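Same order as they appear, the protein sequences are chains A and B.
By numbering that gives the first Met the number 0, the letter at position 264 of the first sequence is numbered 263, and the numbering carries on one by one without gaps.
By numbering that gives the first Met the number 0, the letter at position 186 of the second sequence is numbered 185, and the numbering carries on one by one without gaps.
Honestly, I wouldn't trust all of these hints.
Said to hold, decoys possible - For lysine-lysine, the following BS3-like pairs were computed, each having C-alpha atoms within a straight-line distance of at most 25 Å:
#, chain 1, residue 1, chain 2, residue 2
1, B, LYS314, B, LYS301
2, B, LYS259, A, LYS12
3, B, LYS309, A, LYS12
Treat the hints as calculated values from the structure; they're not laboratory data.
The structure presented is a predicted model; accordingly, all values stated were derived computationally and were not measured.
Okay, here's what each chain looks like letter by letter:
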Amino acid sequence: MPLWTLLGLMEGKQTAPWPRTVGADGQAGFIGMPRYNPERCTDACQACADVCPTRAITMRQTADEGDGKAGRLDVDYGRCVVCQLCTEACPTDAMTPSSDWAFGAARREDLVWRTRPSAPIAPADRSRRSFRRSLHIRHVDAGSCNGCESELQALNNPFYNLHRLGIFFTASPRFADLLLVTGPVTNAMLTPLRATYEAMPEPRWVMAIGTCAISGGIAEGGYASGHGLDGVLPVDVYLPGCPPNPAAIVHALLMFLDRIPQRVSGGRLDQ
Amino acid sequence: MNVAQPISLQPAQLRDAATRLRNSDGRMQMAYAWYPEPDRIELRYVATEAKQDEFAIWGCAPTGPVPSLASIWPLMGWYEREITDLFGIDFSEHPQPQRLVLHDGANPVCPPFSPKYPADVPIQPEPVRQAVPEVVGATDDVQLLPFGPVRADVLESGEFLFFYIGEAILHYQPRLFFKHRGMEKRFEGLIPMGGVVVAERVSGVGSVAHALAYCQAVEAAAHCAVPRRARLLRVLLAELERLYNHLYYLGHLCHTTTLKVGEAQGKLLAERAKQINARLTGSRFLRSILTPGGLRRDLSPKQWLGAELKNLHEKYSIYARHLESTDSHLDRLITTGVLEQRVAFDQGATGPVQRASGFDRDLRRDHPYAGYGELPVTVPVRKSGDAHARAQIRMAEIDASIGLIQRVLLLLPDGPIATECKAPPRSEGLGWTESPRGTLFYAVHFDDRGRLARVKIKSPSFSNWRVFPFTVHGSNMMDYAINEASFGLTIAGCDR
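Chain A with its partners taken away, still in its complex shape (with noise of 0.2 Å):
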């Protein structure tokens, strides 16, 4: 009978030392939201546009600036798939690729590219306060590409380890503080997505993890698809990404519990 205890301390600590410490979060390497650079992007060139699948990037008709907004393009990171297509076809490097993950936003508009980043975020609401160190979730999949739910099981695993964090997953949407949604939203699962929301008590919060939970991503509209939460649920948390890596799923937890800051506003994270 083989010594399993033996062979678990023998590999030591592989949990990640990562959020307290910078860096070590495991995601060298990774390839995140492609950055917008505006002053780079050159006149009569649409080529960005042109390749987007998700319409995540579009010709603005105006120059206007008043809103916020700079230059030919609109940016909306809440249709982004990171397929990088963009930053291949872009002669002039106003669209770049790079490592940045952590997109988690309380706000939809955060997402959204702007020259002034809008108003600082809000100390979150109070009632969350007690749940900073007992957070329990339900999950429900609306129709994901089970990318994200990878990623969220991997969660568990040792490295990620959500529990020394004090989230948990629960089976029961009646012990549920946040609802973690998945997908564009199927014809089939809005009955059962809204059942789930019902049946957890009060407070109850709702995150959109992934692209197609926002804006319902490559997979939106047709027959049998939605357009992500949008109209759907209230959502409290943002998280774009195709799908978002772990950390990122970390990083958002942390920050609707207030015990991290939110790193994007206007379209891009703090320098």
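Chain B: place on chain A using the hints.
Showing chain B alone in chain A's frame:
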């Protein structure tokens, strides 16, 4: 690519052709429908003839209800039901004429794949009670457990009906396609590169297999030859995908047999494999690399990947040795969920599931693609068909995958990584891969402008979900989770 010219058959000839295929040791692979013209539907059947490395394709123009092949090839039942739901073609004498992809209450104005279907209008399902199969005989003690579609833990959505007495499961019926996103329709009108982005997102944990099968289908239509460096790097990517999937599979199987340290170790190894993926390609799921004609950018694995994998392999070998000598673990796997060879064949089992039931089949060796033709592909086979055999196949495949990757690293030549790939208007192609879960097909048709007119995806889980219930009827509740984990199914790939 090894695809014969389509043979045209009359509907009345289908059953004879199917019977002949059955009697000559051939095998039916899949069926789909498409619109060659806006007002004309054609059915396509893909089959393998015995001892031929070409895939045979039959075309058939329906005139009224088409004879069902499900009584000759039971696995065809699901394909025909899907075609009925999405294209509105009826099949006569179908043994299970119920809906499959669209649930009861989902009544579109016309079949969703019809050119007349209004764009971007979702089907509004009416709230109707889903039909529950009837239990006949002495039913007083029979209980019904409807489980899902929202299930415990972080799992994909699907509903399962258990009819049981005490511990014994009398009848089990999965109700899938809650996750049906209409992905095949999302390809329509795209340029070839746009299709890669969609294919990578059909089944996240099969991103490479899907994108590769798609790219190869486009390359078959365009008759382009991919450079050798790209072909070998494609093997490397496909085997890295197999590696993290199989490692996670072993960890999850330990979860169901409550072997806690085994679960932690398996999932830790899977995490290390995913981190290697990110370091190599920027994506933990190996996305954004493939393109029709080759690769989008070059990879430089030579310096470090071999050493990382050697390290991972050493850890895995110790882990596998422990698993194979842990009585409590093996006790739950051996004789659990036995899939008889006959059932595996009739219902169309694929991948590690069929290899665990005695079938020596693997597309990488039997119908080589990418760089597999010049590599020694070992195909592990077991005969017992139980959960243990299915786990052992995957364990042997992990060793084989690492061997293949090390071989690719030795052979990898310098040179170009892509060639021009332009599919002519109205061309078509078939592409396939042996994904971590089994055979995956993409059939691609182009329109007059060289854009995608129809893409059909045959995913391995579509096959294996059909097979799986046959191992559950008559088993017991305690073994159910173990049995399900041992199949290694995804719902996203099945539902699309």
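To see whether the hints hold, each was checked on the structure:
For a cut-off of 25 Å, the pair hint linking LYS314 (chain B) to LYS301 (chain B) stands: about 21 Å separates their Cα positions. Between the alpha carbons of LYS259 (chain B) and LYS12 (chain A) the distance comes to roughly 16 Å, so the proposed pair stays at or under 25 Å and holds. Pair hint LYS309 (chain B) plus LYS12 (chain A) holds up; C-alpha atoms about 21 Å apart against a cutoff of 25 Å.
In the structure shown, no violation is registered for any of the earlier numbered hints.
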